[in-house]
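Sequences are here, hints too, so could you generate the full structure?
Those sequence lines, one after another, are chains A and B. No gaps in the numbering here: position 71 of the first sequence is 71 in full-length UniProt numbering, and each next residue is one more. No gaps in the numbering here: position 145 of the second sequence is 145 in full-length UniProt numbering, and each next residue is one more.
Treat the hints as calculated values from the structure; they're not laboratory data. Hints are not guaranteed to be accurate.
Ranges of calculated distance between the beta carbons of each label pair, as one might list FRET restraints [claimed, not checked]:
| hint | chain 1 | residue 1 | chain 2 | residue 2 | range |
| --- | --- | --- | --- | --- | --- |
| 1 | A | 110 | B | 110 | 48 to 58 angstroms |
| 2 | A | 334 | B | 59 | 51 to 61 angstroms |
| 3 | A | 205 | B | 110 | 52 to 62 angstroms |
| 4 | A | 247 | B | 311 | 37 to 47 angstroms |
| 5 | A | 117 | B | 263 | 30 to 40 angstroms |
| 6 | A | 201 | B | 26 | 47 to 57 angstroms |
| 7 | A | 376 | B | 242 | 26 to 36 angstroms |
| 8 | A | 116 | B | 26 | 37 to 47 angstroms |
| 9 | A | 373 | B | 149 | 51 to 61 angstroms |
| 10 | B | 182 | A | 334 | 51 to 61 angstroms |
| 11 | A | 23 | B | 242 | 51 to 61 angstroms |
| 12 | B | 45 | A | 201 | 45 to 55 angstroms |
| 13 | A | 247 | B | 305 | 21 to 31 angstroms |
Built from N, CA and C at the ideal position, the CB exists for glycine as well.
Protein chains: 2
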Amino acid sequence: MSAQTTSSDAPTGLPAEHPLRTADPARSTARSPLVRALRGQEPTRNPVWFMRQAGRSLPEYRRVREGIGMLESCLQPELAAEITLQPVRRHDVDAAIFFSDIVVPLRLAGVDVEIQPGVGPVLGRPVRTAEDAAALPPLEDDALDVIREAVTRTVAELGDRPLIGFAGAPFTLAAYMVEGRPSRDHMGPRRMMHGDPDTWAALAGWAATVSGQFLRAQLEAGASAAQLFDSWAGSLSAEDYLRHVQPHSATAFAHVADIAGPAVADGAPLLHFGTGTGEFLHHLRDAGATAVGVDHRITLAEAHRRLAAHPGPDGRGAVPLQGNIDPALLGAPWPVLEAHVRDVVASGTAAPGHVVNLAHGVPPETDPEVLTRVVELIHALPVGEGGQA
Amino acid sequence: MSAQTTSSDAPTGLPAEHPLRTADPARSTARSPLVRALRGQEPTRNPVWFMRQAGRSLPEYRRVREGIGMLESCLQPELAAEITLQPVRRHDVDAAIFFSDIVVPLRLAGVDVEIQPGVGPVLGRPVRTAEDAAALPPLEDDALDVIREAVTRTVAELGDRPLIGFAGAPFTLAAYMVEGRPSRDHMGPRRMMHGDPDTWAALAGWAATVSGQFLRAQLEAGASAAQLFDSWAGSLSAEDYLRHVQPHSATAFAHVADIAGPAVADGAPLLHFGTGTGEFLHHLRDAGATAVGVDHRITLAEAHRRLAAHPGPDGRGAVPLQGNIDPALLGAPWPVLEAHVRDVVASGTAAPGHVVNLAHGVPPETDPEVLTRVVELIHALPVGEGGQA
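What follows is the structure, encoded as structure tokens:
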């Protein structure tokens, strides 16, 4: 645990040369549309990026990944940086998202995990008992150097365009760790949190720690924002999320709370996203997020209404939103897609800030030219007026 | 289409000897707790059954299925009846659910489909184009004789305990047909409904017809209620459900609207269930359902509140509910599970009728003795008072 304690206690803010703090305009991300929108300030254009923008939809990605395993590609700094930059070059998106995988911190901690093509993360030894959870190894701080190097390389290329850091949330990480592989219902972790709450707390607590360390390494090395992905949180009731999951996601965010999040005005904004979480967006916010991501199931205006109606313990109700172009429409005829994108931008004007994104990741079969055209459309729409202009 | 037209137009109500209409008290299901609760009448005890109660959790099921494929077992009337009856004998549940699979009507229509163990339904030729949809074969009425025979055998054994008929809803059927296999996000059908709405309408319309025929065959042969399973509807926004899916589910229900559903006071109650559909339970009701199933994501009291707040075109707001014991708690220590079951029964008293069920299917690894104990508990609780008594 020493590495983690050092990492959490030592820093007293982002380094002076961090892109959010630097005086060099060519490297400063503080005035970028993404950071401004996430701080509730008016951006110069509608910021947009896409979850999974770095990935299989791009031929240049498939080319550089040839013959290299998923986790291996995440752990080669030069390659990870290249892949992270590809969609920025191609689509002119307003941010890069660090190319990684939610199980990278597990691998760096020494957990036996691999990504099987066509399957997803598979663990050599699922975590099912108190003994399994107790045996999980700590993530040593120097194991994160490979991540820091990739981030440093990426940020140097990005200039004044922000890099968004990336981590899986404790529930989603723990879901893979209990099941040992992807599952549909996530019955394993849901069963454990009710039937064996102590083991659940140990496992989710471990996942929160490595997730927080992973976020911190990226933010310190130059990421200007970070997103916690709780992909499977939508399998939970609001009550179960609040009781058994939110405290652990809050722990992950707490690892960076001195340099990021809603309590640090000039820190890095923190995004929190899960699919099917429309019933408890306010719980995602209250885990310590600056902004909340929304999937395709409800409109941004409705998400805004719900957040405003449920202020948190810190008094925050409405917060900036991210989302929510339905990926299912990326293959529709352009007029259908265009009308949908305009609706999304218009709906987002209800919130105190809006970063346009998909409602979920880019499907691998997406035509990248469609994404480029979507970015052009969003950038051409007047800020704060959306599609109704 | 002739078989379907004949089947839809000819009958003028359930046969006189149908269990819902017979004067023979040993065979009449009209006074059963399940039917009474679904008609909003006070039952003699809290009715309970479990989705997937006939299946892999039972050793007697695994024994009779040995060496027999899933679809083959559904199409052997004697075996299907035996499997349907097993959980009634073991657990004393208040209804049998007809043992079948949502793709059985596809197979009966001649579509190349099989159930691969560990995978699920796999189609030889996915339906992706207008030509694919146009080439779908009609389901001939006499192909359903094997279903009628299985239902007749089952009902003869059940006596005054009702059999619930079973069909997959058009969206869930179409999801398998477009993807060709199970998928997580159901992007295929969601993409089609936006990008190629005519093909979607043709495919979903075909699925609605075979689904309706399948329901009708079971109801006419003696089922006292029927449930439409829209397992994957929760992947849709309420808006997409209403526009692209509900009309087709309504078509399926319309096939039996003269003998079942809310407009036929002495007909068979119709249940409508999907997971993750808390945002649009009223749309499930308004497809033509007598009662709505609720998953574990919201309480029954909240489901009731939402339905009451959104009355449909026919003026119905609150309707009887079914659900919603979280399957994830079946493996929890008994005091935890017992408290949860009491909460569910108490929460259900808000609705004008309540059939206790799981929030989703019985997980295969469930200890059947736990299910028996849950049934005993529910039957011991005072009707209409729930766990607070």
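Hints and how they fare:
{"no.": "1", "hint": "A:110 x B:110: 48 to 58 angstroms", "in the structure": "holds (54 angstroms)"}
{"no.": "2", "hint": "A:334 x B:59: 51 to 61 angstroms", "in the structure": "holds (57 angstroms)"}
{"no.": "3", "hint": "A:205 x B:110: 52 to 62 angstroms", "in the structure": "holds (55 angstroms)"}
{"no.": "4", "hint": "A:247 x B:311: 37 to 47 angstroms", "in the structure": "holds (39 angstroms)"}
{"no.": "5", "hint": "A:117 x B:263: 30 to 40 angstroms", "in the structure": "violated (52 angstroms)"}
{"no.": "6", "hint": "A:201 x B:26: 47 to 57 angstroms", "in the structure": "holds (54 angstroms)"}
{"no.": "7", "hint": "A:376 x B:242: 26 to 36 angstroms", "in the structure": "holds (32 angstroms)"}
{"no.": "8", "hint": "A:116 x B:26: 37 to 47 angstroms", "in the structure": "violated (56 angstroms)"}
{"no.": "9", "hint": "A:373 x B:149: 51 to 61 angstroms", "in the structure": "holds (57 angstroms)"}
{"no.": "10", "hint": "B:182 x A:334: 51 to 61 angstroms", "in the structure": "violated (31 angstroms)"}
{"no.": "11", "hint": "A:23 x B:242: 51 to 61 angstroms", "in the structure": "holds (53 angstroms)"}
{"no.": "12", "hint": "B:45 x A:201: 45 to 55 angstroms", "in the structure": "violated (39 angstroms)"}
{"no.": "13", "hint": "A:247 x B:305: 21 to 31 angstroms", "in the structure": "holds (28 angstroms)"}
Hints 5, 8, 10, 12 from the list above are not met by this structure, while the remaining hints are.
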